[in-house]
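Undergrad: Sequence:
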Amino acid sequence: MTRSKKPKSPNSSDSPTSPSLALSSLHFRLQALEEEHQWLLKQIGRKRNELKKFLDQMRSLATEIFQRGQPLYEKLTDLDREIHALFDEILTARKMGQQTKKRILGIYETLQLTGVISPKFDDGDEELDELFGAEEPEGSSEQSAQDFFSGEDSYSRHDDGTELSPESSPKSPESRQIRRTFLRMAEIFHPDKVTDPETRMRHNEIMKEVNRAYKEGDIAKLLEIERQYQMGDSFEVEGSSESDLKRQCERVETNNELLKKQYENLKRELRSVRNTPEGEMVRASRACEKDGIDPIEQMLEEMKLQVQSTEKIYNFVLDFRDKKITVKEFLRGPVRMGRSPEEMEDILDQLLQQLRGISR
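Taking the numbering used here as reference, the numbering of the sequence shown is continuous, increasing by one, and the terminal residue is 1554.
Where hints are given, some of them may not hold.
[As the list claims (entries may be wrong)] Straight-line Cα separation of at most 35 Å, DSBU-like style, residue types lysine-lysine; simulated pairs:
1) 1454 to 1236
2) 1289 to 1518
3) 1402 to 1454
4) 1269 to 1522
5) 1455 to 1402
6) 1415 to 1247
7) 1295 to 1506
8) 1402 to 1269
9) 1518 to 1247
10) 1461 to 1296
11) 1387 to 1454
12) 1314 to 1402
13) 1415 to 1387
14) 1455 to 1415
15) 1506 to 1517
16) 1402 to 1387
17) 1314 to 1517
18) 1498 to 1517
19) 1241 to 1440
20) 1296 to 1314
21) 1247 to 1440
22) 1518 to 1506
23) 1241 to 1409
24) 1517 to 1296
25) 1506 to 1289
26) 1461 to 1241
27) 1440 to 1387
28) 1455 to 1246
29) 1236 to 1402
30) 1314 to 1461
31) 1295 to 1498
32) 1415 to 1236
33) 1484 to 1461
34) 1246 to 1409
35) 1289 to 1484
36) 1440 to 1461
37) 1236 to 1246
38) 1455 to 1409
No lab work stands behind these hints, which were simulated from the structure alone.
With these hints in hand, go ahead and build the complete structure from the sequences.
TA: Below, the structure is given as structure tokens:
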């Protein structure tokens, strides 16, 4: 695909020696600035679409993994809960010596600390509370999961200003310029300033676009809307005075600087998103698909192995609860029943490693 060539930046240090040469130089400078302006708008549009497409792929992959893997997730959750319940029953209802109970408790804690089952701490353990922080409000984890798998974009771009609401950002020169552009457009297109119903409806739709672009801090979109509807008096190059040309050059140059910053922010954000674990999964998934491999099926196979290992541990603890194995056999631990705890990594890490391995 042929890349569009970036126009040469105009040199603002030219110093013509006569009025006619000055006007001619300003004409050329304005033309170069306008070409640069159009190039920047085009590049921002492409990069914005590229970022949107990548985020859509991340959401789509996460949603498909969640939907196809939900039965396995639920199975793991049920097994986890049942293993905790079995240990609770064994430690509270079964009669045993203090030393034996201590060793059984050690097995229980080992299963938690190695990630085989979820950690469960005593409510009264203040040291652990202090170590792991205050308990999250009820439903916060649920909400986080919903946010991740919902259509909302969790990448709010607050670090680079690309989509940070100007109202909440520091009053930088860029945010002030965006606000000036917004106010200039609102002055012309505010629906309350017209009485004709058809015009009012049209202005209302325009202002929706303007408000959206302003809240996202999207100067490129604001300038595109401005040019699309040819707001204000269009600038006529021919017949303009030197001072008029200078002002127009300064205006376009200021806008171009804002566009350059937005373009760099978009590029930086896309790089950042690609380097997240979710972004790496998307890239690995693409590589798998090129080789004719279903990456999600590969991940589900790994999850099935996790379920099988957890089931073995559950059955092992159940047999001890039902006195089908002796204390001595139980104290040998669940390692003999399947993979060692060290092999049972966190499921999401396993999935990511699996994808990486397939894509090599």
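Undergrad: Keeping to a limit of 35 Å between CA atoms, is the pair of residue 1296 and residue 1314 held or broken?
TA: Holds: residue 1296 and residue 1314 sit about 17 Å apart, inside 35 Å.
Undergrad: Next pair to validate is residue 1517 with residue 1296; report whether the Cα-Cα distance is within 35 Å.
TA: 18 Å, holds
Undergrad: Take a quick look at whether residue 1415 and residue 1247 sit within 35 Å of each other, Cα to Cα.
TA: 18 Å, holds
Undergrad: Verify the proposed pairing of residue 1314 with residue 1402, using a straight-line Cα cut of 35 Å.
TA: Given that 35 Å is the threshold and the Cα spacing comes to 50 Å, the pair is violated.
Undergrad: Between residue 1236 and residue 1246, is the straight-line Cα distance small enough, at 35 Å or below?
TA: Since the Cα atoms of residue 1236 and residue 1246 sit roughly 15 Å apart, the hinted pair holds (cutoff 35 Å).
Undergrad: Given the hinted pair residue 1289 and residue 1518, is their Cα-Cα distance within 35 Å?
TA: Measuring from Cα to Cα gives roughly 16 Å; hence the hint holds.
Undergrad: So if I understand the rule, the pair passes when the alpha-carbon distance is 35 Å or less; does residue 1455 with residue 1246 pass?
TA: 19 Å, holds
Undergrad: Within a Cα-Cα threshold of 35 Å, do residue 1241 and residue 1440 meet the stated pairing?
TA: Holds: residue 1241 and residue 1440 sit about 31 Å apart, inside 35 Å.
Undergrad: Just to be careful, I want the Cα atoms of residue 1498 and residue 1517 compared with a cutoff of 35 Å; is the pair within it?
TA: Roughly 28 Å separates the two Cα atoms, so the pair holds.
Undergrad: Can the restraint linking residue 1402 and residue 1269 be considered satisfied, given a maximum Cα separation of 35 Å?
TA: 47 Å, violated
Undergrad: Could you grab the alpha-carbon distance between residue 1314 and residue 1517 and see if it respects the 35 Å cut-off?
TA: 25 Å, holds
Undergrad: Hinted pair, alpha-carbon criterion (35 Å max): residue 1269, residue 1522. Please report holds or violated.
TA: 29 Å, holds
Violated hints, listed in ascending order, are 8, 9, 10, 12, 21, 30, 35; each of the other numbered hints is respected by the structure.
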